[in-house]
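Please take these sequences and the hints and turn them into a complete structure.
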Amino acid sequence: MIPLTIDTQRTPQKGDLLLSEPFLDDDHFSRAVILLCETNKDGAFGLILNQTLDLSLLEFMQNIGKFNSIVGIGGPVDQQQLFFVHAFSDLTGSILITENFYLGGDFQELVEKVETGVYPSEEVRFFIGYTGWDEGQLQAEIEEKTWIVTKPPVDFSVYNTKDEHLWEILLKSMGGKYKQMASFPINPNEN
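Each residue of the sequence shown is one higher than the one before, counting from 252 in the numbering used here.
FYI, nobody ran anything at the bench for these hints, they're computed from the structure.
In this text the structure is predicted, and so the values were computed from the model without any measurement.
No false leads were slipped in.
The calculated label-pair distances, taken between Cβ atoms and stated as ranges, are:
(1) D278 x V369: 37 to 45 Å
(2) E366 x K292: 33 to 41 Å
(3) I321 x D278: 15 to 23 Å
(4) E386 x G426: 29 to 37 Å
(5) F311 x D341: 22 to 30 Å
(6) N291 x D414: 28 to 36 Å
(7) G368 x Q431: 44 to 52 Å
(8) D329 x T262: 24 to 32 Å
(9) V369 x S424: 27 to 35 Å
(10) A391 x E366: 38 to 46 Å
(11) S434 x Q313: 42 to 50 Å
(12) H279 x M425: 17 to 25 Å
(13) M425 x G368: 34 to 42 Å
(14) Q313 x I437: 37 to 45 Å
Positions of the beta carbon are idealized from the N, C-alpha and C atoms, including for glycine.
What follows is the structure, encoded as structure tokens:
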């Protein structure tokens, strides 16, 4: 038997990834990979990277030009709201998450700059809903070993992470005990 030991000492920071523990029995967060977009004294906010809808952005909105991308499920909170992550530091109103990753900004400006070829559409990712934690809630869940906190790999990109195996790929890349966790069955009774 492999002991499930998760480092609970790491304080999550904006730009970190949260990987759910292997046996988390939750429809929203089983084998989830979450990009933390904000952490502060009031709580935390993130977007699930490895869950998508079977619909494209064109099926949600009109007049969006070249955006024919699949929409991710950012989380169970406020699923009427559209969020986007991008690589454009000069987009008005965008918020820096971490190097090369920005949240939101002027949507109309984004559409115009993609239409005119200033911004490549491949460097934008859309989500409905988000994942949120109240003050102290995320740290408590980390201490309960619900989440593994890690920095993204150097070559990591949120724009091509729609892979349903992302959780497994990231754990394997972490090596050691995490590499072993990547091969755990979803249901431990099916081992």
